[in-house]
Amino acid sequence: MSVHSDPPDDPDTLREKIIGLGERSLHKSYYPELQKRLSELERFRALLDQTHDAIFLIRAGTREIADVNASAGISLGYSREELLAMPFPEVIAPQDRERCSDIIWENGDHPSESYLICRASLLSRERREIPTEITVRFVTFGNEQYIVAIARDITERLQTERELKIKESALESSTDGILIADLAGAIMYANPGLASMFGYERGEMLVGRDLAAFFADPDVGKTITCRLLKDRRIEGEAIGLRSGGVPFHIQVSGSVVQNDAGQPLCIMLIVMDITERVINDQLKREAYTQLGKNIEQFAILGDHIRNPLQVIVGYAEMIEDPLVMRILDQSSRIDEIITQLDRGWIESASVRQFLRKHGDDTKSRALFFARITEARGEDS
Amino acid sequence: MIQRDQLALRKFVVPEFISGHGALHLAGRYANNFGLRQVLLVTDPGVRTAGWADIVGESLTDAGVSFTIFDSVSQNPRSGQVMAGVEVYRSEECNGIVAVGGGSPMDCAKGIGIVSSNMQNILTFEGVDRVTMPAPPLICIPTTAGSSADVSQFTVITDEEKKRKITIVSKTLVPDLSLLDPEPLTTMPPELTADTGMDVLCHAIEAYVSNASSPMTDLHAYEAIRLIHAALPAVIDAPEDLNLRFSTLLASLHAGLAFSNASLGAAHAMAHALGGTLDNPHGRCNAILLEHVIAANYEAASDRYDRIGAIFGEDERTTPAEKVATFRRTLGITETLATIGVPADSIPTLAREAYADSSLVTNPRRLTCKDIERIYERAL
Numbered sequence: 001m002s003v004h005s006d007p008p009d010d011p012d013t014l015r016e017k018i019i020g021l022g023e024r025s026l027h028k029s030y031y032p033e034l035q036k037r038l039s040e041l042e043r044f045r046a047l048l049d050q051t052h053d054a055i056f057l058i059r060a061g062t063r064e065i066a067d068v069n070a071s072a073g074i075s076l077g078y079s080r081e082e083l084l085a086m087p088f089p090e091v092i093a094p095q096d097r098e099r100c101s102d103i104i105w106e107n108g109d110h111p112s113e114s115y116l117i118c119r120a121s122l123l124s125r126e127r128r129e130i131p132t133e134i135t136v137r138f139v140t141f142g143n144e145q146y147i148v149a150i151a152r153d154i155t156e157r158l159q160t161e162r163e164l165k166i167k168e169s170a171l172e173s174s175t176d177g178i179l180i181a182d183l184a185g186a187i188m189y190a191n192p193g194l195a196s197m198f199g200y201e202r203g204e205m206l207v208g209r210d211l212a213a214f215f216a217d218p219d220v221g222k223t224i225t226c227r228l229l230k231d232r233r234i235e236g237e238a239i240g241l242r243s244g245g246v247p248f249h250i251q252v253s254g255s256v257v258q259n260d261a262g263q264p265l266c267i268m269l270i271v272m273d274i275t276e277r278v279i280n281d282q283l284k285r286e287a288y289t290q291l292g293k294n295i296e297q298f299a300i301l302g303d304h305i306r307n308p309l310q311v312i313v314g315y316a317e318m319i320e321d322p323l324v325m326r327i328l329d330q331s332s333r334i335d336e337i338i339t340q341l342d343r344g345w346i347e348s349a350s351v352r353q354f355l356r357k358h359g360d361d362t363k364s365r366a367l368f369f370a371r372i373t374e375a376r377g378e379d380s
Numbered sequence: 381m382i383q384r385d386q387l388a389l390r391k392f393v394v395p396e397f398i399s400g401h402g403a404l405h406l407a408g409r410y411a412n413n414f415g416l417r418q419v420l421l422v423t424d425p426g427v428r429t430a431g432w433a434d435i436v437g438e439s440l441t442d443a444g445v446s447f448t449i450f451d452s453v454s455q456n457p458r459s460g461q462v463m464a465g466v467e468v469y470r471s472e473e474c475n476g477i478v479a480v481g482g483g484s485p486m487d488c489a490k491g492i493g494i495v496s497s498n499m500q501n502i503l504t505f506e507g508v509d510r511v512t513m514p515a516p517p518l519i520c521i522p523t524t525a526g527s528s529a530d531v532s533q534f535t536v537i538t539d540e541e542k543k544r545k546i547t548i549v550s551k552t553l554v555p556d557l558s559l560l561d562p563e564p565l566t567t568m569p570p571e572l573t574a575d576t577g578m579d580v581l582c583h584a585i586e587a588y589v590s591n592a593s594s595p596m597t598d599l600h601a602y603e604a605i606r607l608i609h610a611a612l613p614a615v616i617d618a619p620e621d622l623n624l625r626f627s628t629l630l631a632s633l634h635a636g637l638a639f640s641n642a643s644l645g646a647a648h649a650m651a652h653a654l655g656g657t658l659d660n661p662h663g664r665c666n667a668i669l670l671e672h673v674i675a676a677n678y679e680a681a682s683d684r685y686d687r688i689g690a691i692f693g694e695d696e697r698t699t700p701a702e703k704v705a706t707f708r709r710t711l712g713i714t715e716t717l718a719t720i721g722v723p724a725d726s727i728p729t730l731a732r733e734a735y736a737d738s739s740l741v742t743n744p745r746r747l748t749c750k751d752i753e754r755i756y757e758r759a760l
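Residue numbers (my numbering), protein chains in the order written: chain W, 1 to 380; chain U, 381 to 760.
Mixed in with the good hints, there may be bad ones.
What the hints assert, rightly or not - To list a few chain U residues with every Cβ distance to chain W over 12 Å, as calculated:
1) GLY444
2) SER452
3) THR547
4) VAL549
5) ARG687
6) GLU694
7) LYS703
8) ASP725
9) GLU753
Unchecked claim - Here are a few chain U residues that face chain W, going by a calculated C-beta distance under 7 Å:
10) LEU389
11) LYS391
12) VAL393
13) VAL508
14) ASP509
15) LYS551
16) THR552
17) ALA592
18) THR719
19) GLY721
20) SER738
21) VAL741
Think of the hints as simulated: they come from the structure by calculation, not from any bench. Beta carbons are placed, not taken as given, at the ideal position from N, Cα and C, and that holds for glycine.
Please build the complete structure, drawing on both the sequences and the hints.
See the structure below:
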C-alpha cells in the first residue's frame, strides 16, 4: 500500500497514521455529515419562514398540504398543524377555487423545470380574502409527485396598478398634448391629444422620434431639453409643426421627472394649441391700437378746433351786433365740449396704458423666445 | 529483533459482513435497508461473463432498487476509470454503490465513492486520512479470495500518466457491508485462484510480522495463514468445492482484517512498484517476491517467521522462506521476475518506487533502497 506523497523520512508519524492513531482517523460515519446537513436544513427553513411569500408543499395525488412555511400560517391565521390537515383548495377563495385547481392539476405532467402562474385569492381563517399570485412548480421526491406553490400577496401591487391605470387614463384622455421623452429628446410616450394636435392618428406613431421634428425651428427641441436639464422647469410658446408641415402656435410647459435621489429620468412636456388665442390676440391688439390712435386724434382735433374758435370769439367781441352774445355763448359751449374732451384724455391715462400694453402684446411670447434664444446662445 | 509492547495503542476496525452460501442474494435487501434508490453496480467484464453481476442485479431489482452497471474496470484499475465511473454515478443520479468482483472493481468502486462525495480528482486523495467526506454506502461482494478490499481501509489506483500506483488509506474507505459467498469463487480459473490465494498469504504474513501488529491482528493473521495453507492447494484441484472455496474466502477475510489494521511490508511495497510500472498481476508479483522478502526480514522477526514456518511443516532444517517458496511452486507458480517480463535494468527505478511506498514503514526491518534492489535481484 504505497503513499508516495508522504515522505518516508518520517516513518514513525506515517506508521502512527496507518495504524489509525492520526487526528483525522475515523471510521466511516455519516453522523457528522448528517448533523451538518440538518443544520443547513434548519438555516434554510429559517430562510423560508422569513420570506414574505406563503409557501406550500402539496401532495399532487391527494392535494393535501404536506408542508408550509411560517408566513403561510401567519397570513392565513392558521397554525402549521391546522394547515397540514387541510387540502390546498380549501385555502383558495371559493370564486377562484375551481379555476385555480384546474390550472394546477390539469398540468400535473409538466416537467419539473417549468412552472405555472395563476392569480387567486387565499382565504384566511377570518374569511378575509388575500389577493395573491401563485407560482406553481412540480417536483418529485422519491416516487411521489409534489407541487410547490408560492403565493405572493399582491394587494399593494393591485392598488398600485389601479392607481397607475387611473393616471394612465387621465393622460390618455387629456385634451392637452402630453409627451414623455428621454433625456436625449427621443419620445417615449405621446398621448392621443398630442398625436391629434400634431396630425397623427395614434400616439405610438410618435414614439422613438426626436423632439426636434415637431418644431418649426428644429433647434427648439434640443434647446428645450437642455434648458429643462438645467432649470428643471420651463414654460413658453413656440411654433409647432404638424405632420403635413403646417406650422401652428403652441404653448409648452415642461418639467424633468426625477427619481428619489433627484437624478433625472426623463422629461415631460404639456403642449397646448394656442393658434386661435394668438389670432384673437392679434385682432385685439390691432383694435386696441386703433382705439388708442382715435383717442389721441380726438385730443389733437380739440386743439385744432380751439384755435379757430379763439379767432371767432375775437372777431365777435369786436363787432356790435345783437347776435354777438349768441355767438359767444355757442363758442363757450364748444370750448366746454373741447375742455371736457381734454379732461377725458387726461383721465384716460390708465386706459391708454392698458391699450399700449395690449396693443403690442408680445411680451409673454417674447419671454419664452428670449429664453430659448438666450439658451441657444449659451449652448453655442 | 523487534520487541512488541502489547500495551501500545492500537485501533481495530471491522466492517459488517455476512458470510455463507447465498450471501450474494442479500445485496438487494441491504441496498434497500441503506435507503439506496439508484445503485452503481461496479464490476468487470470477466465477472459479468461469469454471470455474478446479473445475479446481484436481480437481487437489487427484486428489492425495488434500480441500478446501472459500470464495468469499464481493468486489472490494476486506472484513475481515468475511476473518474469515468464518477461521471456515470452522477449522470445516473446514483446514491450508493455495489461492487461485484475482485480487488480491481472493489478498489475502483471505493475510488468512485470518495470522488463523488468529495468532488475532487481521485489522485488528490493519495496518502493517509485525506478523505474528509465519507463516501456513499458501499456493499462489496468479492468474487475472488485475495484482495480483501471488501474489508480493508485501502484502495490502490494506478496513476496512468506517471505509471505508478497510488494508495489511499482512510478508515472511511472500509465498506459498509461485505457479502462473503463462496459460490462466485467457483468460476475462478486455477491460475487466478493461485495468484489471489498467494495474495492472501502475503497479506497475512506481512500483517503478522508488521511492526504495527497487535494481539487482535495476530489472531486473524495467523488463522488466515493456517486456512490458506490448508485450503489453497486442495481448491485448485477441486475448484467447485464450496467448503474449500469458503475456507479460502474466510482466509481472505482474516487476512484482510489483519492487514487493514496492522498494514503490510516490503513485499507489497515492491509489488506495487511492479504493478504500477509494468502492469504485472498483483498476486503473482507478491507470490514471486514473498520468499525473498521473508529471507531479508528474517532476523528482525525470526520468532514470528518460525511460527509461520511451522504451519508449513515441522522440518527445522528448512527456513520459512524456503517453505513458502516450495508452497507457491506446488501451486504452479514457478516464475521469476525475469520470466514475467521484468527487465534487470528497471530494478533501480523499481527500488526507488518501492522505497517511497508507505508499506515499508511497517516492515519489521528498516530497509534501504540498496536492500530493496538486492531483493529484486534475487527474485529476478
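Structure-based check of each hint:
no.: 1; hint: GLY444; result: violated (10 Å)
no.: 2; hint: SER452; result: holds (24 Å)
no.: 3; hint: THR547; result: violated (4 Å)
no.: 4; hint: VAL549; result: violated (6 Å)
no.: 5; hint: ARG687; result: holds (22 Å)
no.: 6; hint: GLU694; result: holds (33 Å)
no.: 7; hint: LYS703; result: holds (25 Å)
no.: 8; hint: ASP725; result: holds (22 Å)
no.: 9; hint: GLU753; result: holds (16 Å)
no.: 10; hint: LEU389; result: holds (6 Å)
no.: 11; hint: LYS391; result: holds (3 Å)
no.: 12; hint: VAL393; result: holds (5 Å)
no.: 13; hint: VAL508; result: holds (4 Å)
no.: 14; hint: ASP509; result: holds (4 Å)
no.: 15; hint: LYS551; result: holds (5 Å)
no.: 16; hint: THR552; result: holds (4 Å)
no.: 17; hint: ALA592; result: holds (5 Å)
no.: 18; hint: THR719; result: violated (24 Å)
no.: 19; hint: GLY721; result: violated (21 Å)
no.: 20; hint: SER738; result: holds (4 Å)
no.: 21; hint: VAL741; result: holds (4 Å)
In summary, the structure is inconsistent with hints 1, 3, 4, 18 and 19 from the numbered list given earlier, while agreeing with the others.
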